[in-house]
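As a plain string of letters, each chain reads:
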Amino acid sequence: MISIENLSKSFTGKNVLNQINLTFEPGKVYGIVGENGAGKTTLFRCIAGLEDFEGEIKSDSELLKNVTGFLTTEPYFFSKMTGAEYLQLLCNARNIQLTNLKDKNVFDLPLNQYAETYSTGMKKKLAITGILLQQNELFILDEPYNGVDINSNILITQIIKKLKSLGKIVVIASHIFSTLTESCDAIHLLKEGKIIMGGDHTQFDAIENIMIGTQVNAKIDQLGLV
Amino acid sequence: MKYYFSLQFRVLCRHIKANGINPYFAFSFLVIVFIFLSLSFFKQSAYAPYVYALLPLTFLSAAGGQRRNEFLQITFTKKNLRQVRMVENAIMVLPFIFILIFKLHFILSVALLVLALLISLVTFKARKASTIPTPFYQFPFEFPSGFRKSYLGIIISYALIIIGIYIGNFNLALVAMALQFLIVVSYYNLPENEFYVWIYSKSPKQFLISKMKIATLYSFCLVIPAMILMLLFFSSHWLIIGGIFLSGLLIVNTALLGKYALFPSEVNLTQIICLLFSILFPPLMIIILPILYFTSLKRLKPILK
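Here the protein sequences come in this chain order: P and L.
Note that this note's numbering has the first sequence beginning at 1, numbered continuously upward.
Note that this note's numbering has the second sequence beginning at 1, numbered continuously upward.
Next up, chain L with everything else stripped away, as it sits in the complex (with noise of 0.2 Å):
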């Protein structure tokens, strides 16, 4: 079990250097970043605890998939297989189990610890026979597929927003709504299999304009019912509202161009700080759009020549 952990950590570290950062810059990075989000992330609502204590169990259900687990069934004993899941999962919380406690939210907390815990001993299965419909299949497969993975969070969102409305606080809505835009962002964290280039027979410009006019168009259509929830109800707000959908459409933009613009590398640093200052102080877009997109024509030059 003892080198299953280090082997993880050792592939994880090849992962990084093969892209040319140092792991333990990018690990005190992302630590900084962590702590920084979180930190913000707790100034927006009363509620943000209860949203922040959730969001980690996401990935522990992400974890415990199939495939993952029948990889770890044969390779270890019943007893050791269940060890290893638990203290993966207690890796995974453990973040933010940090931020809850450094908040004093001592309950909230070890609810987290405990959830983690029974969800490492429960394996989720792929259902063969049921596809989750989605209102974005015209253009796979950015959409589609994230949909798919994040019904869950959207419905979750959608939920906050009417919470947000019913209680008549506007904050709880605004961070769903953002929330909602920070789900699209996870449908391009990753870069495509090179393949799913190479058969466009576009050029790079081509490529990239039809890949931001599909990623502007659906982020419309599955934010804009909140936003006008929040325009009909928080009406007096409209400019803030009106901002925050307008940055997150851009914020969408600068995660696909940040993907694009050092493909095909898995870690994505330029990315994660583009995404950073964006959200941040989103008039830096006006500077950093335009530097990924000629980032990213170069990157997609030889594959799309």
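Isolated chain P, as found in the complex (with noise of 0.2 Å):
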């Protein structure tokens, strides 16, 4: 279990996340949704130990990021390193003998090209497939789906329900509410680096009329569109 107490957040004097209290219980996949600047990759961040902060995340783990596989908004390739090297870069950091590559493949990516000349979500594919073979404990995913294709959004879904059977912990935090509501059993709404709703299955509804009523509606409402 993973338990984030009073977590905050400040560059330059701006407060970033206040005061965030979560709990992330195994087998089970929670959603962190907001719009763009609300704070969620920097929740991330902290919570892989990227960023320092105030307040506490208490976990099973010894080190909790060496448990962690994080898939980034927008994962780094070095140039000329081609995908089945990044991937045996991800194993030999987390010390996993990485064996039967072809296998285990399962976005059919060309591995012996370089990742830099991947598309968007041929990357974003890669990232997953990399901390997949590490064997984490914890997932934390931002924009899993961004610039997939849609048999991979699926394939990307069934996973996430895999690793939840298995007893792992999954973090997703996305823009579309959609893609989320099928997969997670929570979801926080987050708003200005603050949890300002959350809930199960049956909050859902009122989660996703908050976002389109403060997030979206009011923008639209501002335009004064005639």
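Treat the hints with care, since some could be wrong.
Here chain P is said to cover these stretches of chain L; the calculated rule only asks that three of the stretch's residues, wherever they fall, bring their Cβ under 8 Å from a Cβ of chain P [said to hold, decoys possible]:
1. 133-142
2. 189-195
3. 199-213
4. 297-305
Simulated crosslink set (DSS-like; lysine-lysine; CA at most 25 Å straight-line) [said to hold, decoys possible]:
5. L/Lys301 with L/Lys213
6. L/Lys202 with P/Lys58
7. P/Lys168 with L/Lys202
8. P/Lys58 with L/Lys305
9. P/Lys14 with L/Lys17
10. L/Lys202 with L/Lys213
11. P/Lys162 with P/Lys28
12. L/Lys213 with P/Lys65
13. L/Lys43 with L/Lys103
14. P/Lys65 with L/Lys301
Derived from the structure by calculation, the hints contain no laboratory data.
Note that the structure is a prediction, hence the values are computed from the model and not measured.
Just so you know, even glycine gets a beta-carbon here, dropped at the ideal spot from N, CA and C.
Once you've looked at the hints, go ahead and assemble the two chains, each given alone in its own frame, into the complex.
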């Protein structure tokens, strides 16, 4: 179990995250929604240990980062590094023996090509494959569906369900609410660095209505279109 | 076009300032280092001017990369684009031209300028299908990625060693072997994205030691054929060859530790200074290496915990 207590983060005096309290249980999938700049990525970076913060993150693991797979919004790849080498690097980093790569290439990626030449969706799929091969306990997926084709979208959803059945913790951020309702056990709405609402399936409609009401309709009204 | 260049200069200054270094100090320091290294290079062999004139051409091909050119193409008109590329290439080779003129190699300096201007008309397209094979695939990323970027330099260095052996010029072969270590040093000149450090389930100490092991092993593999050739044909100079080989391995590790000693800063003046002193006076590495090692441990601690 992972417990986030009173997590706050500020950059040059500006509060980006404010008193976040969340609990993630094994075998469950959590969604974090919010508009651009709400603090989703910063929250993920704090959980991953890439940012300092105030507050506390408690977990059953001795060192959470060593069992965390982090899919960043825009995965970065070195130039002149093939997809296969990227996967090898991620496995080496966690002392995992990489075998039967061909079978594990579920997204049918051209692994002998340079990763930098991949399309946006292919890069995402390569990064997802990497964190899956690392056999992590916690999966932080920042916008996993962005730029990915429909078949791969379905496959990603199925993979998330499989991870859940294996008792892993999956935390997903997405701008698109509908992508989360199918796979998430709970969704939390982040606005200006605060969790303003959260809940299970029974609350999903209410959360979506708040998102549409405060973050979409109000903005359209501001345009003053006639 | 004028704005583009002033913007490039401002961005460069911001990068340097972001690392707490005065840009004018950095520029002055680099000029002194460049002049010193260039003049030292000329002393090594009668063929040094030719190798020296070839060096900047490798930077030019990198500047002509496809993605960068695509950005320039959609930003500038065709005429302006050509001018921008020409001015950029001329600026990049200018320091080398000054040195060549100073050393009275007028024809080489003109040839370098003409080649630089011709290269500005060429766009190096990324070939999607072909992947350059590398013997270093088992432990990414520095060597597989660096090898693919520098394989031409490695081929040239081996060619120079063979030429050196053929004409019996020990200095030329030795410079070429040292060049191989400098190529490897270039694999460690920029810090990686923090994600690639974060992924390791290792302590800072374990991380650094594993990186140093890979750097030493792969550098050894890359340069050992050159050393064997040199020992076979210039056996009387075995002590110098062995000394350069060992110093080279230590310099590669200095570059590696220098990178992490200021991680994740990009402009690494510490690394440059340490490398310079290590090259000038290799015994200094006995002091420099432990300092860099312990500083690197400190810098990596927040990410690797």
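Right, here's what the structure says about each hint:
{"no.": "1", "hint": "133-142", "result": "holds (count 5)"}
{"no.": "2", "hint": "189-195", "result": "holds (count 4)"}
{"no.": "3", "hint": "199-213", "result": "holds (count 4)"}
{"no.": "4", "hint": "297-305", "result": "holds (count 3)"}
{"no.": "5", "hint": "L/Lys301 with L/Lys213", "result": "holds, 20 Å"}
{"no.": "6", "hint": "L/Lys202 with P/Lys58", "result": "holds, 20 Å"}
{"no.": "7", "hint": "P/Lys168 with L/Lys202", "result": "holds, 22 Å"}
{"no.": "8", "hint": "P/Lys58 with L/Lys305", "result": "holds, 15 Å"}
{"no.": "9", "hint": "P/Lys14 with L/Lys17", "result": "holds, 23 Å"}
{"no.": "10", "hint": "L/Lys202 with L/Lys213", "result": "holds, 14 Å"}
{"no.": "11", "hint": "P/Lys162 with P/Lys28", "result": "holds, 11 Å"}
{"no.": "12", "hint": "L/Lys213 with P/Lys65", "result": "holds, 24 Å"}
{"no.": "13", "hint": "L/Lys43 with L/Lys103", "result": "holds, 11 Å"}
{"no.": "14", "hint": "P/Lys65 with L/Lys301", "result": "holds, 13 Å"}
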